[in-house]
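Make the full structure from the sequences, and use the hints.
Spelled out, the chains give:
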Amino acid sequence: NAGVMQNPRHLVRRRGQEARLRCSPMKGHSHVYWYRQLPEEGLKFMVYLQKENIIDESGMPKERFSAEFPKEGPSILRIQQVVRGDSAAYFCASSPYGTSNTEAFFGQGTRLTVV
Amino acid sequence: AQSVTQLDSQVPVFEEAPVELRCNYSSSVSVYLFWYVQYPNQGLQLLLKYLSGSTLVESINGFEAEFNKSQTSFHLRKPSVHISDTAEYFCAVKPSMIYNQGGKLIFGQGTELSVKP
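Protein sequences appear in the order of chains X and H.
Okay, so the first sequence: first residue is 11 according to the working numbering, each after it adds one.
Okay, so the second sequence: first residue is 4 according to the working numbering, each after it adds one.
I should point out that these hints are in silico values taken from the structure, not numbers from a laboratory.
Model, not experiment: these values are computed from the prediction.
We put the CB at the ideal spot given by N, CA and C, even for glycine.
Just so you know, not all the hints are guaranteed correct.
Said to hold, decoys possible - Dumping the calculated EDC-like pairs for lysine to aspartate or glutamate here, alpha-carbon to alpha-carbon at most 20 Å:
id	chain 1	residue 1	chain 2	residue 2
1	X	LYS54	H	GLU115
2	H	LYS52	X	GLU113
3	X	LYS61	X	GLU78
4	X	LYS72	X	GLU28
5	X	LYS72	X	ASP96
6	H	LYS119	H	ASP88
7	X	LYS54	H	ASP11
8	X	LYS61	X	GLU82
9	X	LYS54	X	GLU78
Unchecked claim - A partial selection of chain H residues facing chain X, derived with a Cβ cut-off under 10 Å:
id	residue
10	SER12
11	LEU49
12	ALA95
13	PHE110
Here it is in structure tokens:
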């Protein structure tokens, strides 16, 4: 059973370009969370999705950021018109249920560098 | 709302010495508590968790943490560290009673443990 797979592992974008980050949850997991880790900081929650639904997006910036988790395929975190401040590590986690006592498993992250 | 404070950003220690990484939290509702470890350029791995029951929880590699409700703390300890324990450690909480918010974790800022020979 493969773990949570994120790709690409490293992504370099010029200012103004779009970044697409992909997350394939563990087999059997239908709950996905995205977190952002800025340099020298802890992880900050961004968004929580179930298949085809956004459940909680309270941590998403209001502009340029969007997320989806389609019925088929990976979850996508999309950042439009990237700026230098978007440079960070983006982690995806998945779990089989959405209850608080369920462990979430993390991917290895995508490290986005905006130049 | 919940918040987590890790009191030390960096903890240098010699091999085989004991270590304590401190974590305090604030919450108006009951929470579950977690410690995660992140090795360089890796994702987070769950080290141990407190959901209910005994307030002392242990990991398979010798770490332990004790939930102290009165002090709202969940400090991580190991009696004798190894070079391989060098990593960043994150304390995190989840609200335990709010199902609709799912499994969202609130993290502390992290503590960088550096074990020297």
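Hey, LYS72 of chain X versus ASP96 of chain X, does the alpha-carbon distance stay inside 20 Å?
-> holds (13 Å)
Distance restraint between LYS54 of chain X and ASP11 of chain H, which requires alpha-carbon spacing of 20 Å or less | This hinted pair holds, its Cα atoms lying about 19 Å apart.
Is it true that the CA of LYS61 of chain X sits at most 20 Å from the CA of GLU82 of chain X?
-> Holds: LYS61 of chain X and GLU82 of chain X sit about 8 Å apart, inside 20 Å.
Close enough to count: is the Cβ of SER12 of chain H nearer than 10 Å to one in chain X?
-> holds (8 Å)
Does GLU113 of chain X lie within 20 Å of LYS52 of chain H when you go C-alpha to C-alpha?
-> Given that 20 Å is the threshold and the Cα spacing comes to 9 Å, the pair holds.
Hinted pair LYS72 of chain X and GLU28 of chain X, Cα distance within 20 Å | holds (16 Å)
Would you settle whether the hint for PHE110 of chain H is holds or violated, based on the nearest Cβ-Cβ distance to chain X being less than 10 Å?
-> holds (4 Å)
Under the criterion that the straight-line Cα-Cα distance not exceed 20 Å, is the pair LYS54 of chain X, GLU78 of chain X satisfied?
-> OK: LYS54 of chain X and GLU78 of chain X at ~18 Å, within 20 Å.
For the pair supplied as a hint, LYS119 of chain H and ASP88 of chain H, is the alpha-carbon distance within the 20 Å limit?
-> holds (10 Å)
LYS61 of chain X paired with GLU78 of chain X [C-alpha distance capped at 20 Å] = Since the Cα atoms of LYS61 of chain X and GLU78 of chain X sit roughly 8 Å apart, the hinted pair holds (cutoff 20 Å).
Could you check if ALA95 of chain H really has its C-beta closer than 10 Å to a C-beta on chain X?
-> Hint on ALA95 of chain H: holds, closest Cβ of chain X at ~8 Å, below 10 Å.
Mind checking the CB of LEU49 of chain H against every CB in chain X and telling me if the closest is under 10 Å?
-> holds (6 Å)
Taken one by one, the earlier hints all hold for this structure without exception.
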